[in-house]
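> Listed below, chain by chain, are the residues.
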Amino acid sequence: MAAGDPIHIVLSFDDGYWAPAYAVMRSACLFTLRRRDLVFHLLHQPLTPEHIADLRRIETEFGAKLRFYNLVDDPGVTELLADSRHAATLSTAIYARMLIEVILPPEIARVLYIDCDTMVNAPIERLAEMDLEGHTIGAARDFIGSEIATQRDMIDSRGLFDTGHGYFNSGMMLIDMAGWRRARVIDRLRDAIADGTMKTLYLDQDLLNLIFAGDWLQLDPRWNFTGARPIHEILDPWLLHYVGTHKPWHLKPNLAFARRYRHVMTNELYYRYLSFRWKRRPKSAWREIVDMLLRR
Amino acid sequence: MANRAETGRDGTPIHIALTFDDPYWAPAYATMRSICLTTRRRADLVFHLCHRPLAPEHKADFLKLTEEFGAKIVFYDIDTIALFASVAARAPYNHRLSNIVYARLLFAEIMPAEVTRLTYLDCDMMVRAPIEEIAEIDLEGNAIAAAPDPHGLHIAMDRDIRLKRDLFDPADGYFNAGLIVIDMQAWAEASILERLEAAMADGTMARLYYDQDLLNLIFARNWLKLDQMWNFVDPRPVHQGLNPKLLHYTGAGKPWKRTANVAFTRMYRHVMTNELYNRYAVYRWKRGWSEPFRKLYALIRYR
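In the order they appear, the protein sequences are chains A and B. Numbering follows the numbering used here, in which position 72 of the first sequence is assigned residue number 72; successive positions increment by one, without gaps. Numbering follows the numbering used here, in which position 171 of the second sequence is assigned residue number 171; successive positions increment by one, without gaps.
Hints may contain errors.
Only pairs whose alpha carbons sit at most 20 Å apart, straight line, appear in this in silico EDC-like list of lysine to aspartate or glutamate [as the list claims (entries may be wrong)]:
#1 B:K225 to B:D169
#2 B:K225 to A:E125
#3 B:K257 to B:D22
#4 B:K72 to B:D44
#5 B:K59 to B:D79
#6 B:K164 to A:E268
#7 B:K72 to B:D10
#8 B:K257 to B:D21
#9 B:K59 to B:D22
#10 B:K225 to A:D220
#11 B:K257 to B:D234
#12 A:K252 to B:D160
#13 A:K65 to A:E125
#14 B:K225 to A:D236
#15 B:K254 to B:D234
#16 B:K225 to A:E233
#17 B:K245 to A:D236
#18 B:K245 to A:E233
#19 B:K254 to B:E275
#20 B:K164 to A:E61
#21 A:K252 to B:D158
#22 B:K59 to B:D21
#23 A:K247 to B:D160
#24 B:K64 to B:E275
#25 B:K59 to B:D77
#26 A:K65 to A:D5
Covered stretches of chain B (chain A as the covering partner; in silico rule of three or more C-beta atoms under 8 Å from a C-beta of chain A) [unchecked claim]:
#27 141–155
#28 161–171
#29 222–233
Simulated from the structure, these hints should not be mistaken for laboratory data. C-beta: ideal position from N, C-alpha, C; glycine also.
Model the full assembly from the supplied sequences, consistent with the hints where possible.
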């Protein structure tokens with residue numbers, strides 16, 4: 001793998017997260033000299049035309065390529081997503097990453113999946129072209145993974161996890177597609193939904209850890225640095241993952257490189273996204289009453 | 001370029017440069033003493049001090065390092081160098097640090113010919129590891145070595161990381177100029193002063209963050225990336241466990257202030273020595289009365 005070879009990156013989001021997705025892509029472009037090799041595969045729910053236009057600016061600014069995959073266009077995908085929705089309350093978009101083998105073109109041998117609450121801070125090819133040493137997945141350890149997997153008193157009462165395998169955070173996964181296909185991820189997901197296991201799991205991250213136990217390479221934590229605060233900036237994390245309730249697109253968050261995030265998203269889009277979320281916020285009970293009175 | 005075979009053994013001088021105004025003599029002393037304390041090659045150290053006029057008692061403080069450690073000290077009163085006066089008068093005035101910052105751009109002109117390798121340090125630093133580890137590092141063909149600046153993107157790139165894209169590429173990285181290991185021949189060949197003159201003439205200098213930006217422009221893709229631990233910016237007490245090798249107190253809290261919430265403050269006091277630490281506090285207190293007037297003067301004089 002060298003300059004000129006494509007670097008495939010997968011993002012999965014619905015329309016409400018178009019702006020963070022844009023920021024992830026722009027951060028990846030800013031810190032690499034191989035901007036023209038980047039191919040972003042966007043698995044999305046229906047997007048509005050103006051949001052598509054925003055995302056397309058990545059192509060004009062950096063020469064990177066964008067591929068759009070509207071998940072509702074694919075009946076098989078829609079059915080599976082509907083099934084998995086029963087298992088969890090999270091947006092369906094996140095489950096799309098379980099289906100990459102049927103969504104992406106079959107000739108792609110390796111992809112890098114990244115969550116949309118992240119920011120890249122280093123040349124992305126150093127991660128995307130890393131030697132997986134025969135493993136299917138390259139990922140970073142989840143700092144609280146053992147608690148997620150074994151739960152109360154760290155006793156694996158469900159008989160599912162062995163803490164000896166470790167537990168990875170699925171917000172960043174470097175994936176060898178041949179190994180992924182061999183693991184029959186979709187069948188395992190269907191089975192887990194059918195026999196009820198899925199209801200007891202922590203979303204698809206748990207399932208991925210079950211499927212790939214012992215088959216993932218543990219990468220430097222700086223490639224998926226969760227929960228970074230300003231005090232961590234000096235450690236120069238290569239990929240910041242803003243887990244938790246505070247997100248860098250909020251006003252004045254106490255997070256590492258929050259100011260940089262605004263400039264990466266670009267100020268215009270940052271403030272537009274702020275007003276977008278303000279307009280979309282859930283109506284309070286008081287506002288419902290006022291609206292009702294006004295309608296009379 | 002300095003040949004590695006010729007350096008790296010006892011008896012080979014280690015050239016170190018600092019630039020400061022008289023009021024910063026005490027922090028400069030602390031930086032130098034921290035270097036002496038953490039290397040065994042004390043007698044090899046040669047400190048090149050580029051300073052504005054120094055009070056005799058402050059000069060005497062420095063000479064105590066020769067007594068204590070056998071390190072050599074060479075003084076350069078840069079105000080007597082016409083070239084510096086000419087550059088400093090025309091370059092954008094640095095209100096935080098004064099125009100002493102430009103002194104490091106003149107190293108090729110100031111330093112004696114036998115200095116082939118030079119390690120420059122800011123005066124708000126404390127060294128905690130043998131300095132020869134970086135001073136004699138293999139530069140791998142690069143002109144300089146420096147550590148990345150975690151906040152470099154804000155400094156260099158401006159709004160939306162777009163406004164200065166004609167000058168900087170964020171993918172190239174950005175170093176903090178507080179610590180620079182210099183190959184003197186490559187430094188001289190870079191004709192820094194000519195680049196500075198050109199940047200002042202065509203208006204580029206007005207868009208830059210003083211000389212740090214300029215050095216990043218000149219040495220883009222020509223610098224060896226040092227471990228971050230060798231220029232640990234804004235260290236706080238929570239960072240002590242990481243065992244940084246060189247602390248760079250860039251924040252508003254400076255270790256010579258008693259209440260500063262920064263890493264290793266107590267060690268810093270002992271490195272500066274308690275006598276000087278207390279004397280420096282008194283010195284600053286006395287100077288504090290006239291501070292607003294001096295700031296006002298600088299504002300008017302160097303608008």
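> Please go over all the hints and tell whether each is borne out by the structure.
So, going through the hints one by one against the coordinates:
In summary, the hint linking K225 of chain B to D169 of chain B is supported, as the alpha carbons are separated by about 16 Å, within the 20 Å threshold. Proximity of K225 of chain B to E125 of chain A is assessed by CA-CA distance (about 18 Å); at most 20 Å being required, the pair is judged to hold. The straight-line distance between the Cα atoms of K257 of chain B and D22 of chain B is roughly 18 Å, inside the 20 Å bound, and the hint therefore holds. The suggested pairing of K72 of chain B with D44 of chain B holds, with an alpha-carbon distance near 8 Å, which does not exceed 20 Å.
For the hint pairing K59 of chain B with D79 of chain B, the CA-to-CA distance comes to about 16 Å; that is within 20 Å, so the pair holds. Proposed proximity of K164 of chain B and E268 of chain A is supported: the alpha carbons are some 18 Å apart, at most 20 Å. The hinted pair formed by K72 of chain B and D10 of chain B meets the criterion: a straight-line CA distance of about 15 Å does not exceed 20 Å. Among the hinted pairs, K257 of chain B with D21 of chain B is consistent with the structure: their alpha-carbon atoms are about 18 Å apart, no more than 20 Å.
Distance restraint check for K59 of chain B and D22 of chain B: the Cα-Cα separation of roughly 9 Å lies within the 20 Å cut-off, and the hinted pair is therefore satisfied. Distance restraint check for K225 of chain B and D220 of chain A: the Cα-Cα separation of roughly 19 Å lies within the 20 Å cut-off, and the hinted pair is therefore satisfied. Distance check on the hinted pair: K257 of chain B and D234 of chain B sit about 15 Å apart at the alpha-carbon level, within 20 Å; holds. Only pairs whose Cα atoms come within 20 Å are accepted, and K252 of chain A paired with D160 of chain B is accepted, the gap being roughly 17 Å.
For the hint linking K65 of chain A to E125 of chain A, the alpha-carbon distance of about 15 Å falls within 20 Å, and the restraint holds. For the given pair, K225 of chain B sits about 13 Å from D236 of chain A by alpha-carbon distance, which is consistent with the 20 Å threshold. For the given pair, K254 of chain B sits about 9 Å from D234 of chain B by alpha-carbon distance, which is consistent with the 20 Å threshold. The hinted pair formed by K225 of chain B and E233 of chain A meets the criterion: a straight-line CA distance of about 17 Å does not exceed 20 Å.
For a cut-off of 20 Å, the pair hint linking K245 of chain B to D236 of chain A stands: about 16 Å separates their Cα positions. The hinted pair formed by K245 of chain B and E233 of chain A meets the criterion: a straight-line CA distance of about 17 Å does not exceed 20 Å. About 18 Å separates the Cα atoms of K254 of chain B and E275 of chain B, which keeps this hinted pair within 20 Å; it holds. Proximity of K164 of chain B to E61 of chain A is assessed by CA-CA distance (about 14 Å); at most 20 Å being required, the pair is judged to hold.
For the proposed pair K252 of chain A and D158 of chain B, the alpha carbon gap of about 19 Å is at most 20 Å, so the pair holds. Note on K59 of chain B and D21 of chain B: the hinted pairing holds, with a Cα-Cα distance of about 12 Å set against a maximum of 20 Å. For the proposed pair K247 of chain A and D160 of chain B, the alpha carbon gap of about 19 Å is at most 20 Å, so the pair holds. Taking the CA atoms of K64 of chain B and E275 of chain B, the gap is about 13 Å. The hint holds against a cut of 20 Å.
For the proposed pair K59 of chain B and D77 of chain B, the alpha carbon gap of about 12 Å is at most 20 Å, so the pair holds. Our distance criterion of 20 Å between C-alpha atoms is met by K65 of chain A and D5 of chain A, whose separation comes to about 13 Å. For a cut-off of 8 Å, the count of residues in the segment 141–155 of chain B with a CB near a CB of chain A stands at 5, and the three-residue condition holds. Counting residues of the segment 161–171 of chain B whose C-beta lies closer than 8 Å to any C-beta of chain A gives 5; at least three are required, and the coverage claim holds.
Judged by the Cβ-Cβ criterion of 8 Å, the segment 222–233 of chain B is covered by chain A as claimed, because 3 of its residues qualify and three suffice.
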